[in-house]
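Novice: Listed below are the residues making up each chain.
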Amino acid sequence: MASVLVVTEVNNGAIRESSLELVSFARKVAESSGREVKSLVIGSGVDGIAGEFAGKGGGETLVVDSADAANYNVDVYKKAILAGVEAAGADLVLISNTPQGWDVAPRIAAALDCAFVSDCTNVEASGSSTTFTRRVFNGKLDAQLSVEGTAVASVQPGATEPFAGSADGSTTALDADVSGARAKFVEIKQSESTGIDLTKADVVVSGGRGVGDPDKFAEVIQPLADALGGAMGASRPVVDAGWLPHAHQVGSSGQVVTPKLYVAAGISGAIQHLVGMKGSNFIVAINKDADAPIFEIADVGVVADLFEIVPALTEAANAAKG
Amino acid sequence: MKVMVCLKQVPHQDARLDVNADGTWIQDGNIKFEINSYDTYALEEALKIKDAGEADVVVVSIGPDRVTQALRTALGMGADRAIHVKDDDADLSDTLGCAKILAAIAKEENPDIVFTGFMSDDGNFSAVAPMLAELLDLPSATGVLSVEVGDSLKCERELEGGALEVVELPKPCLAAIQTGANQVRYASLKGIMQAKKKPVDVKTMADLGVSDAGAGAVKAKIEKVYVPPKGDSAEILSGSTDEIVGQLVTKIKELGVL
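Sequence lines, in order, name chains R and V.
With my numbering applied, the first sequence has no gaps in its numbers, which climb one by one up to 528 at the end.
With my numbering applied, the second sequence has no gaps in its numbers, which climb one by one up to 267 at the end.
None of these hints come from the bench; they were simulated from the model.
Take the hints with a grain of salt, since some may be wrong.
[What the hints assert, rightly or not] What the simulated footprint calls covered on chain V by chain R, stretch by stretch (three residues with Cβ under 8 Å from a Cβ of chain R suffice, anywhere in the stretch; the number is not a length):
{"#": "1", "stretch": "115-122"}
{"#": "2", "stretch": "129-136"}
{"#": "3", "stretch": "225-234"}
[As the list claims (entries may be wrong)] Over the 10 Å line for every Cβ pair with chain R, so calculated as not near, a few chain V residues:
{"#": "4", "residue": "K95"}
{"#": "5", "residue": "D100"}
{"#": "6", "residue": "E174"}
{"#": "7", "residue": "T188"}
{"#": "8", "residue": "S220"}
Don't be surprised by glycine CBs; every beta carbon is placed ideally from N, CA and C.
Please work from the sequences and hints to get the whole structure.
Specialist: Okay, here's the thing in structure tokens:
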């Protein structure tokens, strides 16, 4: 029987929750396509957590336990995954789309000369045919892709609920040769404290590319943040352009915020930004483009020029405070 | 030292995107194109190496006639030569097909370093760079925010929440550059004038001896693209600016913020 292989990710001695999300997809796909769910755990000293994972839905869990795999290394992980795919007899490989996943997953597809689909939000299978849903054009459109035969897919973290049940599982040590790495892990640098902690703010007012000009952040965005007693955030393109320091960035590569009120002005809503603010209690989006993805996630939207709405709202907020 | 930079030309970020007649991609006849944002940072990393000493920077792109513009811009910014894979069938390749075409070029060029952007603004796959590295049997790093060139290439990879992973790659190697890695230069007028004399080699898949790319080799087929379903989307406020602001203030007061 062919199998769907869940490639787990170990972080700080534990298996990431996104790996259990892969199990949810794997179980669904296994049922509809007659595959078996198998998993792969790569790391150093991971026998214990692999055993736990096997019982949480991971099924037959292959373990590559090697001192070489103590830290993520593209060469080591590639060899370990290819060995896992072969041992599992897998023709569908699921990997979380994380900094590890996006680094190694396409290499697996190239090595297997098979289909690759990244950052999927849904996976469905029927027989040998698999259908994947994902965003394109930075979230402006969705795409559905189909694959006949072997596929490697990376899955967007949070795309589904983690599998929360238990199931029979077992672990099998895999004697994979993962030596000979060329890439050399040096260190992880944690982000430096910046003095701007957006995560503690009750209100975050963020500006995006639509603000158009670095000076306009001080003139238009900051005053609304001040009027609402909040902090100023920004989307990635603003920080990339050097308009504001990285400390203001909200998103998967910046800060993840959950304020009472989040105001997004001139932000279209690329997934990397949405990940950083979708947990906010109440979201107001102001954007000229009625089709901007930010409106899908907002509670209230205003389709208008932010330079008309934001200064007027600032004035009204200041007036309301008396 | 030779540095190869892979560029993709993509719809301009502000272009209006309409789904094409058969619903499998966008209508690209009447929109503006630009160099993929990630790739401009990749090119800048290569040009920084050139600025610091001896480096031959060759830019490579796959696409129709319009791609000439992107390559001319790159040459204007300071690249030395360009290779344009102009081949209707090559344009229909999926990510692995593109990687195979680029691998064929890299095998002819033998670069010490290959830079690509981390992702394309159209397909958003983030796939071609690691695939290319695999096909060339090169060490690689993705999501790279800074590189230090010595005997090896020391890369800082962006992780989540602002953390960085430092990894050292022996050359030859490949790095996929993240946006914000540097300040991308503009093409100067002098650069643009000089670019007109710089060579652009035009090649087809047949010239490169690549047969397993193009439409026939697509493994992940795009069945349809569509505007994401709106579902549980925002309540859109309407009225004059004053009316809208009034409604917003009411909602904000309900939250206890004001």
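Novice: Now look at each hint and say whether the structure bears it out.
Specialist: Cross-check of the supplied hints:
1. 115-122: violated (count 0)
2. 129-136: holds (count 7)
3. 225-234: holds (count 7)
4. K95: At roughly 24 Å from the nearest Cβ of chain R, K95 of chain V sits farther out than 10 Å, so the non-interface label holds.
5. D100: holds, 16 Å
6. E174: Non-interface label on E174 of chain V violated, nearest chain R Cβ at 5 Å vs cutoff 10 Å.
7. T188: violated, 5 Å
8. S220: holds, 13 Å
Checked against the numbered hints above, the structure violates hints 1, 6, 7; every other hint is satisfied.
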